[in-house]
Amino acid sequence: MTDIAKKESLPAGGRSRSRIGRSVFWLIPILLLPVPLFLDQYRQYVVNLILVYVPVGIGFNIVVGNLGLLAFSNVAFFGIGAYTSGVLALKLGLPWWATVLPAGIMGALAGSAASVPALRGVRLFYLAIMTLAFGELLRWVYIRWVPVTGGSFGMAVPKPSVFGLPLLTEGHKFYAFLFLVVLMVILTNRLLRSRFGRAFMAIKSNEQAAAAMGIPTDRYILLAFAWGGFVVGIGGSMYAALVGHVTPIAFDLTELILEFAIIMVGGLGSLVGSVLGAIVITSAPEFFRNWLGFQELLFGVLIVVVILFLPRGLASLLARLHPIFVDRYYRD
Amino acid sequence: MAALLELTDVSVRFGGLTAVDNVSLSVAAGEVCALIGPNGAGKTTLFNAVSGNAVINSGAIRFQGEEIHRLTPHQISAKGVRRTFQNGGLFAHLTALENVLVGLHTRVDSSFLGLLASAPASRRAESAATARARELLDLMQVGHVADNLASDLSGGQQRMVEIVRALATEPPLLLLDEPAVGLAPHMREQLGQIIRRLAGERGIGILLIEHAIELVMNVSDRVVVLNYGKKVADAPPAQVRADKAVLEAYLGHA
Ligand SMILES: Nc1ncnc2c1ncn2[C@@H]1O[C@H](COP(=O)(O)OP(=O)(O)OP(=O)(O)O)[C@@H](O)[C@H]1O
Ligand SMILES: [Mg+2]
Numbered sequence: 001m002t003d004i005a006k007k008e009s010l011p012a013g014g015r016s017r018s019r020i021g022r023s024v025f026w027l028i029p030i031l032l033l034p035v036p037l038f039l040d041q042y043r044q045y046v047v048n049l050i051l052v053y054v055p056v057g058i059g060f061n062i063v064v065g066n067l068g069l070l071a072f073s074n075v076a077f078f079g080i081g082a083y084t085s086g087v088l089a090l091k092l093g094l095p096w097w098a099t100v101l102p103a104g105i106m107g108a109l110a111g112s113a114a115s116v117p118a119l120r121g122v123r124l125f126y127l128a129i130m131t132l133a134f135g136e137l138l139r140w141v142y143i144r145w146v147p148v149t150g151g152s153f154g155m156a157v158p159k160p161s162v163f164g165l166p167l168l169t170e171g172h173k174f175y176a177f178l179f180l181v182v183l184m185v186i187l188t189n190r191l192l193r194s195r196f197g198r199a200f201m202a203i204k205s206n207e208q209a210a211a212a213m214g215i216p217t218d219r220y221i222l223l224a225f226a227w228g229g230f231v232v233g234i235g236g237s238m239y240a241a242l243v244g245h246v247t248p249i250a251f252d253l254t255e256l257i258l259e260f261a262i263i264m265v266g267g268l269g270s271l272v273g274s275v276l277g278a279i280v281i282t283s284a285p286e287f288f289r290n291w292l293g294f295q296e297l298l299f300g301v302l303i304v305v306v307i308l309f310l311p312r313g314l315a316s317l318l319a320r321l322h323p324i325f326v327d328r329y330y331r332d
Numbered sequence: 333m334a335a336l337l338e339l340t341d342v343s344v345r346f347g348g349l350t351a352v353d354n355v356s357l358s359v360a361a362g363e364v365c366a367l368i369g370p371n372g373a374g375k376t377t378l379f380n381a382v383s384g385n386a387v388i389n390s391g392a393i394r395f396q397g398e399e400i401h402r403l404t405p406h407q408i409s410a411k412g413v414r415r416t417f418q419n420g421g422l423f424a425h426l427t428a429l430e431n432v433l434v435g436l437h438t439r440v441d442s443s444f445l446g447l448l449a450s451a452p453a454s455r456r457a458e459s460a461a462t463a464r465a466r467e468l469l470d471l472m473q474v475g476h477v478a479d480n481l482a483s484d485l486s487g488g489q490q491r492m493v494e495i496v497r498a499l500a501t502e503p504p505l506l507l508l509d510e511p512a513v514g515l516a517p518h519m520r521e522q523l524g525q526i527i528r529r530l531a532g533e534r535g536i537g538i539l540l541i542e543h544a545i546e547l548v549m550n551v552s553d554r555v556v557v558l559n560y561g562k563k564v565a566d567a568p569p570a571q572v573r574a575d576k577a578v579l580e581a582y583l584g585h586a
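These protein sequence lines map, in sequence, to chains V and X. First residue of the first sequence: 1, per my numbering; consecutive thereafter. First residue of the second sequence: 333, per my numbering; consecutive thereafter.
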């Protein structure tokens, strides 16, 4: 009797402890609130750029890290989001805040389109090259569709505003971005910790066995791409608001490699990792600014060193510090 | 009584090779039917045909009276045909518990929007499924490894967890592909008892591929023997043991 009672209470205790542990994460955005008080405009800009790359990393990581498909269409979703936001603001005069959701939806549509080769059974390097081509195809559209996109020179995006309040300073943008980032992290976390996230991981592990468990794998592959595209598309709208200028060159292969570095350095399949990767990859070049002429070299060395010594990314380092940092599906 | 699973003149060809050759067989509810035969006889291919992983070139497969051979694997699974895999089909990136939760996937009543909104109904469905999965693992005496990664389990534990996962939804038909491989003798015995109980108490129909002949003889109501894709015997275990064609099938390959 006592034995059974002990056995029952053990996992329950473990679960409630981790719930208290996880609520600590709420402190992070709260602690970040006063950040603009301490930073000059330029440093605040860099912090905002980090916030842009958090959803970009999160969306990419869902497809590559959780679903386990080698799809490199992420930069396409980012670009679509940025252009959607820019075009709606410039051509239709919509305020920035009203363009965020459409940017996400367009990202989700681009994600659905990019999932077609995967749904046809294309995998590995073949999938990689086809999804790369998708990103390049969109770049061709940005360059050619001059009346809408402004062509190679891109377009200037009107100053962003939220419910009639203009975001005049980098500090103002910070709060709008922080809100969106926290929202995307929470929603994605809920998704990944449910039967949807489990289905993604099951597909990554063994597609045939996943189907044998009644999972319509095609539907879940489509869903992972669409949700990934949605989150990245929102990142795109933030980018448009931050930079104020959208050009095709911002969504080229170099950009894609940078985004890939975010999830590799952060940790594949880890939500915490996407955040860490965005912080490190976006801010590192700022620290190397003093070593003029060696910036790219140092940046490259940093990436190599992290991946060499932490093949599971920075998330694995954090997970070793405390169990609450272990993502449900992240395994060291 | 109508058969739970019924194969009529089923053939599966890979190019010039006929892996399953005009096989007819049936499994009734509550029956344990063993499928034996030498390596390469077509046993796994027959499983694949039933579960929708292999296309049949002729014949028909019916489950609960309904043709299933044109359905996709997930549709067949959702109808209540569950299987294990010869080479171990556990999801290596997930824990034992999460593996069983994937087994329960079609029974977890949480919706996409419900989860995003963290609606109580969806949250409840998720935690109810988790409790159920733990219970099932405890029942099969692998509860203590529930939170271990599948890839960290011993061979025997992996087999057990895979069976729990296949059974989680209490499917009417269970296909077990060499479940005793890598099991210690006492676990083999335990597995035999589990198989008997599932059939006897729950009325589950079981099709069992197994090379461990003593297990086959102990648990099955009927033994079907395949050789070069053809059915060469279909009889109670004692009878099959004495069958000439069966002996030839094995000796011919030895
Ligand atoms: N996908 C496939 N493509 C081509 N040939 C296949 C395929 N799957 C199986 N075969 C062939 O079909 C024949 C039957 O294989 P199967 O795996 O069904 O045998 P088995 O009875 O399960 O053998 P074992 O006891 O070794 O598991 C073998 O000759 C095998 O090489
Ligand atoms: Mg086999």
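One or more hints might be untrue.
Covered by chain X, according to a simulated footprint, are these stretches of chain V (three or more residues, beta-carbon under 8 Å) [said to hold, decoys possible]:
| id | region |
| --- | --- |
| 1 | 184–192 |
| 2 | 203–217 |
Across the chosen pairs, the derived CB separations fall in these ranges [said to hold, decoys possible]:
| id | chain 1 | residue 1 | chain 2 | residue 2 | range |
| --- | --- | --- | --- | --- | --- |
| 3 | X | 441 | V | 311 | 36 to 44 Å |
| 4 | X | 514 | V | 295 | 27 to 35 Å |
| 5 | V | 186 | X | 514 | 40 to 48 Å |
| 6 | V | 254 | X | 443 | 50 to 58 Å |
| 7 | X | 443 | V | 126 | 54 to 62 Å |
| 8 | X | 404 | V | 244 | 44 to 52 Å |
| 9 | X | 455 | V | 179 | 18 to 26 Å |
| 10 | V | 43 | X | 451 | 36 to 44 Å |
One-sided excerpt, in silico: chain X residues whose CB lies under 10 Å from chain V [what the hints assert, rightly or not]:
| id | residue |
| --- | --- |
| 11 | 409 |
| 12 | 410 |
| 13 | 449 |
| 14 | 454 |
| 15 | 457 |
| 16 | 486 |
| 17 | 504 |
| 18 | 515 |
| 19 | 518 |
| 20 | 582 |
FYI, nobody ran anything at the bench for these hints, they're computed from the structure. Idealized CB from N, CA, C, for every residue including glycine.
Confirm or reject the claim that residue 455 (chain X) and residue 179 (chain V) have a C-beta distance inside 18 to 26 Å. Taking Cβ atoms as reference, residue 455 (chain X) and residue 179 (chain V) lie about 24 Å apart, which means the hint holds.
Supplied distance hint 50 to 58 Å, evaluated on CB atoms of residue 254 (chain V) and residue 443 (chain X): With Cβ atoms ~40 Å apart, the hint is violated.
Cut-off 10 Å, beta-carbon criterion: hint that residue 410 (chain X) touches chain V: holds, 4 Å
Going by Cβ atoms only, is residue 409 (chain X) closer than 10 Å to chain V? Holds. Min distance 4 Å.
Cut-off 10 Å, beta-carbon criterion: hint that residue 504 (chain X) touches chain V: violated, 14 Å
Range hint 27 to 35 Å (beta carbons of residue 514 (chain X) and residue 295 (chain V)) holds or violated: Because 54 Å falls outside the window, the suggested range is violated.
Hint check, residue 486 (chain X) versus chain V [nearest Cβ-Cβ separation less than 10 Å]: violated, 18 Å
Holds or violated: residue 449 (chain X) as interface residue toward chain V, Cβ cutoff 10 Å? holds, 9 Å
Is it true that residue 186 (chain V) and residue 514 (chain X) lie within 40 to 48 Å of each other by Cβ? holds, 43 Å
Would the hint on residue 454 (chain X) be counted as holding, given a Cβ-Cβ threshold of 10 Å to chain V? Check passed: Cβ of residue 454 (chain X) comes within 7 Å of chain V, closer than 10 Å.
Given a hinted range of 36 to 44 Å, is it respected by the beta-carbon distance of residue 441 (chain X) and residue 311 (chain V)? For residue 311 (chain V) against residue 441 (chain X), whose Cβ atoms are near 38 Å apart, the range 36 to 44 Å holds.
How does the Cβ-Cβ distance of residue 443 (chain X) and residue 126 (chain V) compare with 54 to 62 Å: does it lie in that range? violated, 34 Å
When each numbered hint is compared with the structure, violations occur for hints 4, 6, 7, 16, 17, 18, 19 and 20.
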